[in-house]
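Throw the hints in and build the complete structure from the sequences for me.
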Amino acid sequence: MAFDADPFAGLSEKTASICRYLAMGWRVSEIRNEFGYTQAMVSGIKRRHAERISRQQEELSRDAADLRKLAGCI
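Read in order, the letters of the sequence shown are residues 25 to 98 in this note's numbering.
Per label pair, the in silico range of CB-to-CB distance:
hint	residue 1	residue 2	range
1	Gln80	Gly49	12 to 22 angstroms
2	Ala64	Arg86	31 to 41 angstroms
3	Gly60	Glu82	31 to 41 angstroms
Since the hints were derived computationally from the structure, they do not count as laboratory data. Note that the structure is predicted; figures quoted are calculated from it, not measured. Where is the CB? At the ideal position from N, CA and C, for every residue including glycine.
This is how it looks when you write it as structure tokens:
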């Protein structure tokens, strides 16, 4: 897995913006009120972002296990 310097690379500008605010600890209601997005839109993006992070963590875990196996062969 290639590590992106920007964890939100490949997302639309609006989606990446919402994800950045969520990462900074903003609540869904704060984002909705600040930018006029609907509750469903922000909540959906939050859920998809959490799923994306989960997949990345699983990939990193598999990569780490592979590296430990390789280190044992050296």
